[in-house]
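2 protein chains.
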Amino acid sequence: MMNDTFLKACRGEKTSYTPIWMMRQAGRYLPEYQKVRGKVTFLELCKSPELCVEVSLQPVDILGVDAAILFSDILIPMEAMGAPLTFSEGHGPIFPEPIRNQAALDRLIVPDPDVHTGFVMETIRLLRKELKVPLIGFSGAPFTLATYLIEGGSSKVFWETKKMMFTQPELFHNIMEKITECTSLYLQAQAKAGAQALQIFDSWVGVLAPCDFKEFALPYVQRIISDLQDTGLPIIYFANNGATLVDLSVQSGADVLGLDWRINIGDAIKKVGNKAVQGNIDPFALMLPKDKLRQRIQNLLDGAKDAHGHIFNLGHGIHQFTPPDQAKIAIDAVHELSAR
Amino acid sequence: MMNDTFLKACRGEKTSYTPIWMMRQAGRYLPEYQKVRGKVTFLELCKSPELCVEVSLQPVDILGVDAAILFSDILIPMEAMGAPLTFSEGHGPIFPEPIRNQAALDRLIVPDPDVHTGFVMETIRLLRKELKVPLIGFSGAPFTLATYLIEGGSSKVFWETKKMMFTQPELFHNIMEKITECTSLYLQAQAKAGAQALQIFDSWVGVLAPCDFKEFALPYVQRIISDLQDTGLPIIYFANNGATLVDLSVQSGADVLGLDWRINIGDAIKKVGNKAVQGNIDPFALMLPKDKLRQRIQNLLDGAKDAHGHIFNLGHGIHQFTPPDQAKIAIDAVHELSAR
Numbered sequence: 035m036m037n038d039t040f041l042k043a044c045r046g047e048k049t050s051y052t053p054i055w056m057m058r059q060a061g062r063y064l065p066e067y068q069k070v071r072g073k074v075t076f077l078e079l080c081k082s083p084e085l086c087v088e089v090s091l092q093p094v095d096i097l098g099v100d101a102a103i104l105f106s107d108i109l110i111p112m113e114a115m116g117a118p119l120t121f122s123e124g125h126g127p128i129f130p131e132p133i134r135n136q137a138a139l140d141r142l143i144v145p146d147p148d149v150h151t152g153f154v155m156e157t158i159r160l161l162r163k164e165l166k167v168p169l170i171g172f173s174g175a176p177f178t179l180a181t182y183l184i185e186g187g188s189s190k191v192f193w194e195t196k197k198m199m200f201t202q203p204e205l206f207h208n209i210m211e212k213i214t215e216c217t218s219l220y221l222q223a224q225a226k227a228g229a230q231a232l233q234i235f236d237s238w239v240g241v242l243a244p245c246d247f248k249e250f251a252l253p254y255v256q257r258i259i260s261d262l263q264d265t266g267l268p269i270i271y272f273a274n275n276g277a278t279l280v281d282l283s284v285q286s287g288a289d290v291l292g293l294d295w296r297i298n299i300g301d302a303i304k305k306v307g308n309k310a311v312q313g314n315i316d317p318f319a320l321m322l323p324k325d326k327l328r329q330r331i332q333n334l335l336d337g338a339k340d341a342h343g344h345i346f347n348l349g350h351g352i353h354q355f356t357p358p359d360q361a362k363i364a365i366d367a368v369h370e371l372s373a374r
Numbered sequence: 035m036m037n038d039t040f041l042k043a044c045r046g047e048k049t050s051y052t053p054i055w056m057m058r059q060a061g062r063y064l065p066e067y068q069k070v071r072g073k074v075t076f077l078e079l080c081k082s083p084e085l086c087v088e089v090s091l092q093p094v095d096i097l098g099v100d101a102a103i104l105f106s107d108i109l110i111p112m113e114a115m116g117a118p119l120t121f122s123e124g125h126g127p128i129f130p131e132p133i134r135n136q137a138a139l140d141r142l143i144v145p146d147p148d149v150h151t152g153f154v155m156e157t158i159r160l161l162r163k164e165l166k167v168p169l170i171g172f173s174g175a176p177f178t179l180a181t182y183l184i185e186g187g188s189s190k191v192f193w194e195t196k197k198m199m200f201t202q203p204e205l206f207h208n209i210m211e212k213i214t215e216c217t218s219l220y221l222q223a224q225a226k227a228g229a230q231a232l233q234i235f236d237s238w239v240g241v242l243a244p245c246d247f248k249e250f251a252l253p254y255v256q257r258i259i260s261d262l263q264d265t266g267l268p269i270i271y272f273a274n275n276g277a278t279l280v281d282l283s284v285q286s287g288a289d290v291l292g293l294d295w296r297i298n299i300g301d302a303i304k305k306v307g308n309k310a311v312q313g314n315i316d317p318f319a320l321m322l323p324k325d326k327l328r329q330r331i332q333n334l335l336d337g338a339k340d341a342h343g344h345i346f347n348l349g350h351g352i353h354q355f356t357p358p359d360q361a362k363i364a365i366d367a368v369h370e371l372s373a374r
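Those protein sequence lines, which keep their order, are chains W and A. Take 35 as the starting number for the first sequence in the working numbering and just add one per residue. Take 35 as the starting number for the second sequence in the working numbering and just add one per residue.
Hints listed in this document are in silico derivations from the structure and should not be mistaken for laboratory results. Incorrect hints may appear among the rest.
[Stated by the list, open to error] Simulated restraints on C-beta separations:
hint: 1; chain 1: W; residue 1: 135; chain 2: A; residue 2: 126; range: 42 to 48 angstroms
hint: 2; chain 1: A; residue 1: 284; chain 2: W; residue 2: 138; range: 43 to 49 angstroms
hint: 3; chain 1: W; residue 1: 336; chain 2: A; residue 2: 78; range: 51 to 57 angstroms
hint: 4; chain 1: W; residue 1: 138; chain 2: A; residue 2: 126; range: 51 to 57 angstroms
hint: 5; chain 1: W; residue 1: 336; chain 2: A; residue 2: 73; range: 32 to 38 angstroms
hint: 6; chain 1: W; residue 1: 329; chain 2: A; residue 2: 137; range: 38 to 44 angstroms
hint: 7; chain 1: W; residue 1: 143; chain 2: A; residue 2: 126; range: 35 to 41 angstroms
hint: 8; chain 1: W; residue 1: 75; chain 2: A; residue 2: 131; range: 47 to 53 angstroms
[As the list claims (entries may be wrong)] Residues on chain W that point at chain A, a partial pick, calculated with CB under 7 angstroms:
hint: 9; residue: 118
hint: 10; residue: 129
hint: 11; residue: 197
hint: 12; residue: 200
hint: 13; residue: 202
hint: 14; residue: 206
hint: 15; residue: 243
hint: 16; residue: 244
hint: 17; residue: 278
hint: 18; residue: 296
hint: 19; residue: 297
hint: 20; residue: 298
hint: 21; residue: 316
hint: 22; residue: 321
hint: 23; residue: 322
hint: 24; residue: 324
Beta carbons: idealized from backbone N, C-alpha and C, even for Gly.
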């Protein structure tokens, strides 16, 4: 018996309660995850289907979320393009050879996702055999992926990325084109392998002014989502810190818009028309005492009452120091308080 | 002869062109600043009125902006409260003794601004003798200042701050109370010394959900601005990354709302009623080629045509690698394109 509440909510269909999952639910806040992670490096974990299956299942089994998400990293397909990638404790991902000219870009390939990232597809196939809730596949969005390649890692202000956008727009667009092709194929392969919904994470797009989002980022998201129409899967587009991009994000073609915690969910729902929304409690608000946490969840459910489908989620990934018990309180509260 | 275009725009009065200044206009992008800074540490610079005067005047003389801003740092009054402060190259400000309990808070004093930060008041007095444009004094906003004290420096996610807000709200409010008292006195002293407008920088408040902004941050800004009413000076409140906080920021009592670059200025103006706005071009857009930069400035001026006063500014501080010539192009373009 399959719990398909999440998929119904994605499609704007009536559900008997509001489904919930949490971004980064398979992650460091869980001791069970830490135990697996302690045995291997982060990249080894990402490339081991058996371990990826184990950690992807943990939040479903321990916390009772209504959807699983593939354990992986948005940069895996960038490494497959030929950009050497390392993860260092405390500094996050590093691309020691940033892509800042056409020659460097030309050296990157458009990988065959089944060949170069076969471990991801294998994880999906294995997970589908185990899961009683829907499985979400995912990728980064082209702008966010481009920032890592151009900056050479994560950044606070994205100077190199924006400098290229503003002074070498052709090169920037060429990078986006290649990443888009790669991402489109990558998500299509995930659909073929058995993913039942797909989320596109645009983690850093919130640094763009609306006019630049429209010119430099949105068209590439649109193309990917257009390429995925034949899969029939619900697509979630999450533009982090994108309160002022909601109007434009509606044009992405996504079925569901992910919302970070900065925007009042009711205000967002007024802008999204007949699309579903996903979000959007501040992940740090999971630290609230139980009664206040439940009250905040009630307020959020009330704010989302006119949504054309609402998937409860955090407004960003769960923080590594969050006690799992607090996550469990939130999940139970969403199920209980939203029961119709 | 005084150029009072900036002050008129703050008050919503008609001006013959749109005044412009740039956040961090006295800063590292100017070789003339680097020359001064090369001789002293950052904190020594902040505490030397003569050098502060020199660098505060540089953008007025070199670039032709319509307002000067006191050269200082928002953390100066926090150090005066008794929190040891260091600046390290590449890591920014560090408070080696973070404030995370009542005892640590009790050890902080409410300084007499004329005694403990007399160098700031002296800078203001000296600058007023030199300037032919209005002088802006400033402070950090209590929430932003509290994050530095609680985190022990700058932060990416503000875990310690929010954890305290959500699990020890009384302690958090106590910290905010004390910072508010200090900040209120500090700005009143700046007014007395001769500042002609005051800007309150809430650099990190954009990490708060609207409900938390309303509960934990806004009341303290309101109190400071209320305390400043007798000065008669225009007050600018800049809630960085605060697109979803504009409606609430209107209630701060400020005369001018600063806008970061993420929000379409026309959308913001619809929300602010009869207040003036300040902003909001992406500081990195200064890198655009001249014709595109001028077009973007024209678009922004068009978007602000219904403003009840518009002060052109960047949506954040000017980046250290911006060529001064590009800043000059923008300033000239604003003056030329807005001439009425």
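Hints and how they fare:
no., hint, result
1, W:135 / A:126: 42 to 48 angstroms, "violated (31 angstroms)"
2, A:284 / W:138: 43 to 49 angstroms, "holds (47 angstroms)"
3, W:336 / A:78: 51 to 57 angstroms, "holds (54 angstroms)"
4, W:138 / A:126: 51 to 57 angstroms, "violated (31 angstroms)"
5, W:336 / A:73: 32 to 38 angstroms, "violated (59 angstroms)"
6, W:329 / A:137: 38 to 44 angstroms, "violated (31 angstroms)"
7, W:143 / A:126: 35 to 41 angstroms, "holds (39 angstroms)"
8, W:75 / A:131: 47 to 53 angstroms, "violated (36 angstroms)"
9, 118, "violated (24 angstroms)"
10, 129, "violated (19 angstroms)"
11, 197, "holds (5 angstroms)"
12, 200, "holds (4 angstroms)"
13, 202, "violated (10 angstroms)"
14, 206, "violated (12 angstroms)"
15, 243, "holds (5 angstroms)"
16, 244, "holds (5 angstroms)"
17, 278, "holds (5 angstroms)"
18, 296, "holds (5 angstroms)"
19, 297, "holds (5 angstroms)"
20, 298, "holds (5 angstroms)"
21, 316, "holds (5 angstroms)"
22, 321, "holds (4 angstroms)"
23, 322, "holds (5 angstroms)"
24, 324, "violated (12 angstroms)"
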